[in-house]
Amino acid sequence: CGFHLRGQAKLPFETLYLQVPNEYSPLAQELRNSLVSNGIKLAKKSGEAQVVLQIVRELPEKKILTLGGSGRVLEYQLLYSVSLRLYDQQQNDWLPAQEIVIHRDFPWDDTQVLAKQQEEVLLNENMRSDLVQQIIRRLSFAKLRAQE
Amino acid sequence: DEHAFVLKPTRSLLDLPKPTQATPLFMYADQIKGVKDSQFEATGHVEMRRLGQRVWADYLLYLQQSQELHATGSIRFDQNRNTLLGPELHLNLKTGTGDMPHPRYNLGETNAHGQAESLHIASRENYTLSNATYTTCSADKEDWILKAGTLNINQGTQIGEARDVTISWLGVPFLYSPWMDFPLNSQRKSGFLGPVFGATTKGGSELTVPYYWNIAPNMDATLAPRVMQKRGILLNNEFRYLQPSYTGEVRLNVLPSDMLTKTSRTYFGLKHQQTLPANLLGAINYNYVSDDSYFRDLSDSINSASQINLLREGVLSYNDGGWWNAQMRVQRFQTLQDPAALVVVPYHRTPQISLNALHPIATGTFKFNSEFVDFSHPTAVNGQRVVLYPSISYPLISSPGVFVTPKIGFHSTTYSMGANNAAQLPANQTRSLPIISLDSGLFFDQETSLWNPNYIQTLEPRAYFVHIPYRDQSRLPVFDTAQAGFNFDQIFSENRFIGSDRVGDANQVTTALTSRLLDRESGEERMRFILGQRFSSISPKVNLTIPTGTTNKSDILLGFSARASRTWSMDSLLQYNPSLARNELFNASARYQPEPGKVLNFGYRFMRNTLNIPNNFIDHINVSAQWPLYGRWGSVVRTNFSLHENRLVEGLAGLEYNQDCWTIRMVAQRFAVSTAQASTGFFLQLELNGLVKVGPDPLQTLRQSIPGYTKTNQPPNSASLPNLYD
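Protein sequence lines correspond, in order, to chains A and B. The C-terminal residue of the first sequence carries number 148 in the working numbering, and the numbering is unbroken. The C-terminal residue of the second sequence carries number 1726 in the working numbering, and the numbering is unbroken.
Chain B on its own, in the form it takes in the complex:
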């Protein structure tokens, strides 16, 4: 909440002024002997105090002229919030410099602590230790420890710098480095991120060591070399920038020589968004991979491995918040083929120009949609298409309880064919259609629900008429058009096709009944039930390649969703075919989320391959969860099992163990990447708190793919860090 006051964490309790000669110095001891203006000598339970500094000792000698202090026997020296313990201390109070042999230290801010052979104090904020140890674990349970030949702790820059470093975890030394640096607090700083160890069937054993480079507050980069035993070194690089008028990111991943394929493999991705003068907005999204199997071989995530058509587009749009807007897009794709299941390469749109307007006229609305596209393709027929569709809708009745809105429009399309016209489609064609529709509905409320007075129940019948005359469209090309999916959004739209190459003939009415339960206090929707069906007085004749149904009754759609409490919710949809007396589609999902960080999702999905997607027979069980386990263990799981193919399509599980000063994460995964291949892998990351910065972790993508996932134990800065595994 931005209006709440937040205490700013400070590095020390007091913002200390520089001590001067005038700063009073207090001394307590069993016995103090002194020579005026020359020296003090204190013995027994000595305590010396000055602003921001305290020294306890058995014996202390202080020379007033040089401000030198020598102390021996059970020293404790507190400075800022740091504590230094040792047998002996030399300190110059004027310069702030000093030395302490065999010290033990504790940095108050982070509780990092350790010991050393010797300590040199260069200033109040700068300490150099030799043969030192460093850990952020609690003193009685030092699970990890860093040993360094020299260790510099600079609290001014908040950076620790170590040379000749060995890091041990649970007593086992596992990393040696001649040099490393690490942040002393959680601020965004350049440095190494938690390395990831892994093993995959495609790459063998592997190690990724990400380095985060904080170039400027609005610019950063992550360099993550990934060493794969079977393939070589893949250099993953990401660069991000953010400016008031533009923002973007660049990715360049290069495997200079793949030992398996003997080729160089590359992925390049650029996303850029730019605000331009005169209410223009520009955007570029460009992707390139060197070969079809780049993601199948080298990606760890389903999101990238499942990509078939990589987008390459530039968009320039105009929007001044007024009643019209315009857009120009140039779009191409790189299609990644699976040799066992080739897909048709989509048309390029070079360019697509659209102009849309929406303007109120009295109580009605004037709407104008228009589009010009130049469709190009290497083998299929090329062509240009212009679509103009002005329409007017005017509500006859518009009250909270009743609405009746007729709409009339005129849809006209002009084609001009170009190269590759093998089917000899006419060079120029036009299609003009009036489109008439009438949308109407009623809203009833029942203030006192019979069985629960906390809810308001609604009843909302709706009827939607559409009339579109028939035009023979069999000689028109198909550039960007497909049969629309059958769903509640579709049955209330004019055209049963998506895309402008076909406009379906229609003389039909869609009827639907919705009933909701609303929370009387908040107005939140607790439950919703919808039943809908379309009735047609004609048998539609306009088709793509596959004939549509010849009955004049559509399938019946039945939807139910409930959010009974904050804990339970469910969703279900049924598409029933009355003429074949069978279900075409059925899905049901339930979510149990007792608190943030705990979610269970169960789902069953069924869809026949009746439409034009012959291989997409869905009969799947989906289960996903984010759940804390016993003690310090947490887990995330996602599975997707195809009953139709009797195959585990996705199985991913992640485990996280959080100890006070370290975290270990493990991911085991197996998912299909092509008809014949699966990606199988195991990844492990050890994170030592306060030493290796929290960075992208292998669980991140998995977590985000779980519906209802909430972040837990995330330090505030990690949200801004990139995800390497996406």
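Here chain A stands alone, though its shape is the one from the complex:
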């Protein structure tokens, strides 16, 4: 079969400015670490970078997925969505505005609130790592798009 071990896939740019709503947010920190470990130099100002990765919005949500006959929640759905865009100094899109949504179905139990709170934190952390991986993967496919 045609499978082969993944080779050194470099990101198609060298310097990047990360524009995030909150630079101390865990997602921003994880994304910065991941970019650096992928050999990207992070610029201090947007004007000094080849491309700007703009995280327009980062939104964790929690919705009731299954309600029990007793009126209690049996399952929540945790959603984590990020809208992003990658563009260069000429405002040309490298990745057009897009949204990545990750979800986890989360069994709930009102008699184990403290454990469930911790589980929710862990699931959110895992979703965040998944998001960072997906963002990096999309960045590796980024290229200068034809002008519309």
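No wet-lab data here; the hints were simulated from the structure. Treat each hint with caution, since some may be false.
Simulated coverage check for chain B against chain A, where a stretch passes if three residues somewhere in it have a Cβ under 8 Å from a Cβ of chain A [unchecked claim]:
no., segment
1, 1343-1349
2, 1483-1491
3, 1522-1531
Here are the simulated DMTMM-like pairs of lysine to aspartate or glutamate, each with C-alpha atoms no more than 20 Å apart in a straight line [said to hold, decoys possible]:
no., chain 1, residue 1, chain 2, residue 2
4, B, Lys1271, A, Glu61
5, A, Lys10, B, Glu1447
6, B, Lys1407, A, Glu125
7, A, Lys10, B, Asp1445
8, A, Lys62, A, Glu125
9, A, Lys10, B, Glu1521
10, A, Lys143, B, Glu1525
11, A, Lys10, B, Glu1525
12, A, Lys44, A, Glu23
13, A, Lys10, B, Asp1519
14, A, Lys143, B, Glu1521
15, B, Lys1367, B, Asp1439
16, A, Lys44, B, Asp1320
17, B, Lys1367, B, Glu1494
Which chain B residues stay away from chain A? Per the calculated CB distances, all over 10 Å, these [stated by the list, open to error]:
no., residue
18, Ile1233
19, Ala1463
20, Arg1632
Note that the coordinates shown come from a computational prediction; the quantities given were computed from them, not determined experimentally. Cβ coordinates follow ideal geometry from the N, Cα and C atoms, glycine included.
Keeping the supplied structure of chain A fixed, place chain B upon it in accordance with the hints.
The following block gives chain B in isolation, referenced to the frame of chain A:
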């Protein structure tokens, strides 16, 4: 897109300078007679034009000294973008004031129009009408109409003010008010929001009339008295504020005397977030209700009615973006009991202090997690717990195709017991454990997928080893710990428990195989398949109350998700128990979303009550949708049917009808609120565009609970308005 240019909507075509004596005045007519520097008299097809003003008439007399204008016969007077029609007009061009009997008017900006017995023009922007009508419907289809004794239209402040008001809808007068005001454009202004009529089994007929108070650009309030036939008046109040360094909202809902329970019923909620100096962040979340059944009796939404433990906590956290952070939390709960299904009150954490660090060492990572908690409880055993867990991970191989990462850590826990120690647990205990793990994986790509050249296929095998020695933990308390759910996140974690009271003994390997299809153009994941299982060389001995399985093979997890196109997506997960040869968990869901505003979700969910949640046997069918119906009708639906209990747990349906100048919304709902009760209700809201401002509507919560829901026909300002029904 913030880089696109946007035209700013203007109130008039021209920003007009104040007309002066020097502004030229043009006059056309079949015949014009005049006395120099005194007056003009024009007859037949008269048109008089000045910057920003035009008058057409059959006859017009203009007195030059006083700048008075008298016109008669088929008058049309255009000023700014407004048009006034009538048989007669008196206007002073110097002062801008004037009068017109029996006018018909049209406000150019919003197309609001009507007629009156008389009109007084106070200025170019201020008109007062008597015995007037007002509507934003098109002239040939005036579905709603406002009749007022006096009506003042102030385009300077953009507020209309009416006295002695009757509003008719489809010819039926349905509202009288001695006074009301309304915004003339869509800007955020104080005013009444669309009233909601309803009927519920618990409250009888009801009416909610929300008033929105725009206190300042960064501060607002919504006051929504709700009159319930069986219970009395529930005053719902919400106040929100937003400042650079703090933000928050306060809710206070009071039913001073419930006619059914003969008690006063209250909900108070406070959320506040504050940035403090020195990289500190503070947050308060405090909730209080007067009685256990407050939400079951008075809430219209599943989100609030399903609450059991109301949070009361304060958090202070430190994060400077560096390699360590700290947090202190004081947390309590108000537990709302259902007498038929009591729940154990959770421990309070008074306080919980945690300190976490993550620091690179060469190519490895040093990690330190620590936590101190003082657990308190009115009846169960109290105690304090300190957990310290330093660890180092160091990737032996880290390349895009291969990774091998060992990790070694030392987990130590110290307990000191306090009050209510009925089981006589030792006063001081410690537990120390080395935790060793090794995570490894390979990534293979297949550049040319056999059946579709647009995709890249990946193959990602992963193996995760964990070794944790056994320690007898049967005499340790259980404060915050439970068996973790079995899922793909869990099988790649060290501990099979959530919480630090139990650390499971382990000598196990988790293997998993992931395969993805990636879009060659964008890198988006189109399809994913995962298969995973855990193999253990020992039978785990550490337990909570229920013995864990004694086999050394775990259940098999199989996950599949696909996003074949922008329209279709699906998700599925199976947990198969090979020793019992049965499914422990199975769920499958599909979404069809042909365009924004159209979404259909189907789901089937099955989960055995094998773990420690005895009543949570799930065998449910979920269907939800947002879908435009025939013509101007739109719908939202959500249902949740339990096959196990043969009961419709949730059934909610909303309909919306959008006419040009009005919208009607209806919600019918029935959902379980306790073992013995359901909340059943019907709500109806009529919104008259341009009169009663778009506000929170009863469909909002329902819409937001539908996965994939997108906003349609939402005016730009409504997003900032509060949701009363949450």
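Original post:
Of the hints given before, which are not true for this structure?
Top reply: none
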